[in-house]
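S.K.: Two chains, two frames, some hints: make the complex.
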Amino acid sequence: GDSVTQMEGPVTLSEEAFLTINCTYTATGYPSLFWYVQYPGEGLQLLLKATKADDKGSNKGFEATYRKETTSFHLEKGSVQVSDSAVYFCALTGSQGNLIFGKGTKLSVKP
Amino acid sequence: EAGVAQSPRYKIIEKRQSVAFWCNPISGHATLYWYQQILGQGPKLLIQFQNNGVVDDSQLPKDRFSAERLKGVDSTLKIQPAKLEDSAVYLCASSLGPAPNSPLHFGNGTRLTVT
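Taken in order, these protein sequences are the chains called A and B.
Read in the working numbering, the first sequence has 111 at position 111, and its numbers run on one by one without any break.
Read in the working numbering, the second sequence has 207 at position 96, and its numbers run on one by one without any break.
Check the hints yourself; a few may be wrong.
[To be verified] With a straight-line cut-off of 20 Å between C-alpha atoms, the simulated PhoX-like cross-links for lysine-lysine are:
{"no.": "1", "chain 1": "B", "residue 1": "Lys194", "chain 2": "B", "residue 2": "Lys126"}
{"no.": "2", "chain 1": "A", "residue 1": "Lys103", "chain 2": "B", "residue 2": "Lys155"}
{"no.": "3", "chain 1": "B", "residue 1": "Lys122", "chain 2": "A", "residue 2": "Lys106"}
{"no.": "4", "chain 1": "B", "residue 1": "Lys182", "chain 2": "B", "residue 2": "Lys194"}
{"no.": "5", "chain 1": "B", "residue 1": "Lys122", "chain 2": "B", "residue 2": "Lys189"}
{"no.": "6", "chain 1": "A", "residue 1": "Lys77", "chain 2": "A", "residue 2": "Lys110"}
Think of the hints as simulated: they come from the structure by calculation, not from any bench.
Extracted from the complex, chain B is given alone in its bound form (with noise of 0.2 Å):
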C-alpha cells in the first residue's frame, strides 16, 4: 500500500513569513496526527482528526497554527506567522481508527527551518 505522503520535504522562511504543509494519509485512514518534533526531542502531537473532526488540538498554538482535514482525508497544517522556534519537522501520520489497535503510519515529515 502506499504510505503517507507528505510535501514540501523541506522549507526554508524568515520570521513572520507563512508556510503550508499537506499531507495525504493512508487510503481509508480515517485518524490523522499532526506532530512536531523539534530537534533532540521526540515527537509532540499538535491536533488529531478523525475523519474531518477535530478530536485532540489542546497543544496546538492557536494563535498561529491552524489545521484542516477537508472531506476527511488530506490535510493542511499552516503556521502564521512563523517564529524561529517553529523550526521542526512537522509529521503527518495515519490509522484507520485510534491506537493501540491500529498502528500508526508515518510520513517522512517538512523539515522546516524559520531563519
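Bound conformation, chain A alone (with noise of 0.2 Å):
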C-alpha cells in the first residue's frame, strides 16, 4: 500500500544551520504531497504542499519539491530558528482523499 519514509530523527542544529529533513514515498498513481509541522503543546498544522510533479511548495522559509522521478518531497531550509523546532511529518493523500503520515522527525535547534 501507499507509504511514506522518513530520515530518522532527532535532528539537532545550532541556530542559521541548513535544514534538510529526508522524505520518500511509495503510492500507486499521483498523490499529492504535504508537510505538516507539531509544535510543542499543540495540534499538527499544514507547514506546505504540492500538488503535481516539479511543483514547489514553500512556507515560512522552508520548502519542497515534489520529486516524481527520486519519488521524494525533501524538506528544506535555508536558514533555522529556534522557534522552527517541532517535529515535521511528512504525507501524502490515499485513496479516499485522507492523509497517510511518516514516523515524524523531531527537529531541535539550539541558540
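M.R.: Structure, rendered in C-alpha cells:
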C-alpha cells in the first residue's frame, strides 16, 4: 500500500544552520504531498504542500519540491531558528482523500 | 474561525474499561477524520466520515472501537474494552472536503493512557 518514509530523528542544529529532512514515498498513481508541523503542546498544522510533479511548496522559509523521478519530497530551510523546533511529518493523500503520514522527525534548534 | 475542538484533553483508564472521546469540527466542514498517534509514530487513520456517512474505516479495530457522527457534525470515538496498546493520542481533523484541495485542520488531541 501507499506509504511514507522519513529520515530518523532527532535532528539537532544550531541556529542559522541549513536544514534538510528527507522524505520518500511509495504510491500508486500521483498523490499530493504535504509537510505538517507539530509545535510543542499544539496540534498538527499544514506547513506546505505540492499537488503535482515538479511543484515546489513553500511557507515560512521552508521549501519542498515534488520529485516524481526519485519519489521524494525533501524539506529544506536555509537558516533555522529556535522557534522552528518541532516535529515534522511528511504525508501523502490516500485513495479516499485521507492523509497517510510518515513517522515524524523531531527537530531541535539550539541558540 | 474556531478550530477543531476535542475533549477531554487527557484520560487515564485501566485496561478493560471503556472510554469515549468527543470532537466538534470546524463549522461547515463535511469531512471528519479520527487518527491514532502512538508515541514515536505518525498519525494513522482510524475512520473517515463524509457528512454522517463512513468513507473509510478499514483500519478501525471494530471489535473494540466504534465511532459515529450523528447529524453530520459532532463525532464520538469509543473504545470498549481498552487494551494497553490503545495508549496513544487520538486526533480529530476536519476539512471542507477530501484532500488535497481541502486542507485538514487538526484538533489538539486526546492523550489516552491505559494502565
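S.K.: It remains to establish, for every hint, whether it holds in the given structure.
M.R.: Okay, the hints, checked on the actual structure:
Restraint check for lysine 194 (chain B) and lysine 126 (chain B): satisfied, since their Cα atoms lie roughly 5 Å apart, inside the 20 Å limit. Taking the CA atoms of lysine 103 (chain A) and lysine 155 (chain B), the gap is near 10 Å; set against the 20 Å cutoff, the hint holds. Between the alpha carbons of lysine 122 (chain B) and lysine 106 (chain A) the distance comes to roughly 25 Å, so the proposed pair goes past 20 Å and is violated. Restraint check for lysine 182 (chain B) and lysine 194 (chain B): the C-alpha separation of about 30 Å exceeds 20 Å, so the hint is violated.
About 13 Å separates the Cα atoms of lysine 122 (chain B) and lysine 189 (chain B), which keeps this hinted pair within 20 Å; it holds. The suggested pairing of lysine 77 (chain A) with lysine 110 (chain A) holds, with an alpha-carbon distance near 15 Å, which does not exceed 20 Å.
The structure is inconsistent with the numbered hints 3, 4, although it conforms to all the rest.
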